[in-house]
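S.K.: If you want the building blocks of each chain, they are given just below.
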Amino acid sequence: MTIAAPATVNPHRPTGKLRSAWLQPLGLVGATLLLIMIMAALLAPWVVPYEPNAQAFGRFLAPNATNWFGTDQLGRDIFSRVVHGARVSMPYALQLVVMAAVIGTVAGAIAGYFGGWIDGVIMRAADLVMAFPDIILAMAVVAALGPNLFNAVLAVVVVSWPIYARVVRSLILTLRDEPYVQSSRLLGASSGRALWKDIRPNVAGPVVVLAALEYGHAVLILSGLSFLGLGAQPPTAEWGSMVSEGAKYFDKWWMSAFPGLAILVVVLAANFLGDTLRDAFDPKSAKAFR
Amino acid sequence: MQQPIKRAWYALPSLVRFILRRLAIGVLLCVGVTLVSFTLTQIVPGDPVAASLGDQASSDPETVAAFRQRFGLDKPLPEQYLIYVTNLAQGNFGESLQTRRPVADDLAKYMSATIELSLVAMTFAMLAGVALGIIAAVNRDRWPDQVIRVISLAGVSVPTFWLSLVCLYVFFFQLGWSPGVGRLSPGAAAPMNLTGLYTVDALLTGNWKTLGSALAHLALPAMVLAIYTIGAITRFTRAAMLDAFQQDYVRAARAKGMPERTVVMRHVLRPALASIITVSGMAFGRMLGGAVLVESVFSWPGLGEYAYRSALALDLRAIMGVSLVIAAVYILVNLLVDILYAIVDPRIRLS
Numbered sequence: 001m002t003i004a005a006p007a008t009v010n011p012h013r014p015t016g017k018l019r020s021a022w023l024q025p026l027g028l029v030g031a032t033l034l035l036i037m038i039m040a041a042l043l044a045p046w047v048v049p050y051e052p053n054a055q056a057f058g059r060f061l062a063p064n065a066t067n068w069f070g071t072d073q074l075g076r077d078i079f080s081r082v083v084h085g086a087r088v089s090m091p092y093a094l095q096l097v098v099m100a101a102v103i104g105t106v107a108g109a110i111a112g113y114f115g116g117w118i119d120g121v122i123m124r125a126a127d128l129v130m131a132f133p134d135i136i137l138a139m140a141v142v143a144a145l146g147p148n149l150f151n152a153v154l155a156v157v158v159v160s161w162p163i164y165a166r167v168v169r170s171l172i173l174t175l176r177d178e179p180y181v182q183s184s185r186l187l188g189a190s191s192g193r194a195l196w197k198d199i200r201p202n203v204a205g206p207v208v209v210l211a212a213l214e215y216g217h218a219v220l221i222l223s224g225l226s227f228l229g230l231g232a233q234p235p236t237a238e239w240g241s242m243v244s245e246g247a248k249y250f251d252k253w254w255m256s257a258f259p260g261l262a263i264l265v266v267v268l269a270a271n272f273l274g275d276t277l278r279d280a281f282d283p284k285s286a287k288a289f290r
Numbered sequence: 291m292q293q294p295i296k297r298a299w300y301a302l303p304s305l306v307r308f309i310l311r312r313l314a315i316g317v318l319l320c321v322g323v324t325l326v327s328f329t330l331t332q333i334v335p336g337d338p339v340a341a342s343l344g345d346q347a348s349s350d351p352e353t354v355a356a357f358r359q360r361f362g363l364d365k366p367l368p369e370q371y372l373i374y375v376t377n378l379a380q381g382n383f384g385e386s387l388q389t390r391r392p393v394a395d396d397l398a399k400y401m402s403a404t405i406e407l408s409l410v411a412m413t414f415a416m417l418a419g420v421a422l423g424i425i426a427a428v429n430r431d432r433w434p435d436q437v438i439r440v441i442s443l444a445g446v447s448v449p450t451f452w453l454s455l456v457c458l459y460v461f462f463f464q465l466g467w468s469p470g471v472g473r474l475s476p477g478a479a480a481p482m483n484l485t486g487l488y489t490v491d492a493l494l495t496g497n498w499k500t501l502g503s504a505l506a507h508l509a510l511p512a513m514v515l516a517i518y519t520i521g522a523i524t525r526f527t528r529a530a531m532l533d534a535f536q537q538d539y540v541r542a543a544r545a546k547g548m549p550e551r552t553v554v555m556r557h558v559l560r561p562a563l564a565s566i567i568t569v570s571g572m573a574f575g576r577m578l579g580g581a582v583l584v585e586s587v588f589s590w591p592g593l594g595e596y597a598y599r600s601a602l603a604l605d606l607r608a609i610m611g612v613s614l615v616i617a618a619v620y621i622l623v624n625l626l627v628d629i630l631y632a633i634v635d636p637r638i639r640l641s
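Heads up: the sequence lines are chains A and B, in that order.
Just so we're aligned, residue 1 is where the first sequence starts under the working numbering, counting upward by one.
Just so we're aligned, residue 291 is where the second sequence starts under the working numbering, counting upward by one.
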């Protein structure tokens, strides 16, 4: 079957080394942008010129030398609010990605490793959740629980664990029958030990990559819920709800333009990074979550 | 004893078996979806009666008792679920808190606007996405690929609600190219209701002025809605085509001296297209979700805008109605896509 030597089949694929990923221009750009936003979130109280909720200026000032991003309908400095917004969206999105990744990974691992009816129950539950478009199901969950940021995070966790479960399950199905896992079981290791010691290290990488890719999506859906009035409530300086406030004053473009731009930067950075990391990983595992 | 049934089953053509199996899964999924929505209506903190009736009505004990009996809230949970499903099966989604009309009527009223918007957006997204994906795959790792990679990543990264606002501001407010929000210009009469799709209705009745207005109003929201899906389909098309490029038959075709154009279109795109269609079915679900955000900005009188208003009013029955309908549409679309796939690619039927 093979005519040519396979050595040159994949000249462009980076090798499995993680370090090369950071040398890709896209990955570098993503990492730098993300770092800047993280610094903004950490240092917000020290770097912003004004209090985010102080009504210290004239209303509806267009961007100028004092108020770089202008002011809103209450005379608050939008630049200060946008920087402070990084302290809301980014940590909450991180929290929810970690929660979804842990829940999804455990569910997928149990389903894949034990198989049988447990597998059936868990994966059908995942199918069910995936049958709903995520933002609509999240809207329903928030409407049932009551609109606030915490419930929005819970709602997004509810809709985003299945993807991890699917990826982890498919990885475990192949890993389960690997000789080294089988031999460890034959040497008397419990199934828990086999999962933790032998299988976990091989699943961790793909899950991290998937989480990086999903992080951007988490920021988007969380700010989308806030835009709809179902997440952060005023006067919290949250990007989605700031865009929503700006939409009420349509001709004051700066009110929604800058917070939206902040969302775009964070999501783009996360996706740049996630995409580069995925390419750097084994292309076999990359296939699982295209 | 089960032998004859088994034999009869395997006597069926593989395609029929596949379709029956997928239909059964689809029905099961629909049942499961009602289970999810039933659970959600159960987790409402506090009294579901108060949540559904509103403050005024729930202060009247007679109304509360009637409500409890009507929805069987005094019965055990499994029985409540049965009542719930029976009501759904009869098209009874309950009454909307907000419009004070049956949710089913509201859904029927708003459905066509969303269908029109998402069909146009999906067509647009598939054409653009596949075209960009082909260009990227053919020019793998050269500059067109890099540019398209950044574009498609930007497409899946941009917040839809914000992009809607920006486009509306630029193309309507500043440039005046777009006629603004809504489905038709204010004051214009809707075309005769045949399909509920304004463009099709106007075309069928030969109402050219309305057709132009409907198209002009449709263009901007459809394009904004398509952006995310374009990004997703572009990336998938590229990956699927790169997979196909590795196949031996592609090398064989090249060795025979076929022009590269034919190789790309016939030997690479065609096998890739089957899986692209499957992915598009899934992307359609996400597009229906994105429609909520786009419709709420563009005042597009569809399901998404209805869901948005209902969510703000915490009108749970209406939101559940929207999610059930959209989940059902999504399951149906994916069922059709799978069947289509099985018809195109016989290998799928046997797996």
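No wet-lab data here; the hints were simulated from the structure.
Ideal Cβ placement from N, Cα and C applies to all residues, glycine included.
One thing to keep in mind: the hints can contain errors.
Sample of chain B residues facing chain A (criterion: CB under 7 Å; computed from the structure) [said to hold, decoys possible]:
#1 Trp452
#2 Met548
#3 Leu578
#4 Ala603
#5 Ser613
Partial chain B-side listing against chain A, Cβ under 10 Å, derived [to be verified]:
#6 Leu474
#7 Met577
#8 Val634
S.K.: Does each hint fit the structure? Answer for all of them.
M.R.: Now for the hints, and whether the structure bears them out:
1. Look at B:Trp452: its Cβ gets to within about 3 Å of chain A, closer than 7 Å, so that hint holds up.
2. Look at B:Met548: its Cβ only gets to about 17 Å from chain A, farther than 7 Å, so that hint breaks.
3. With a cut of 7 Å, the hint placing B:Leu578 at the interface with chain A holds, because the nearest CB-to-CB distance is about 5 Å.
4. A hinted interface residue such as B:Ala603 counts as satisfied when its beta carbon comes closer than 7 Å to some beta carbon of chain A; here the least separation is about 9 Å, so the hint is violated.
5. Proximity of B:Ser613 to chain A holds as hinted, the smallest CB-CB distance being about 5 Å (cut-off 7 Å).
6. Interface restraint check for B:Leu474: the shortest CB-CB distance to chain A comes to about 20 Å, outside 10 Å, so the restraint is violated.
7. Because the beta carbon of B:Met577 sits about 8 Å from the nearest beta carbon in chain A, less than 10 Å, this interface hint is met.
8. Of the supplied interface hints, the one on B:Val634 is violated, with its beta-carbon coming no nearer than about 20 Å to a beta-carbon of chain A, more than 10 Å.
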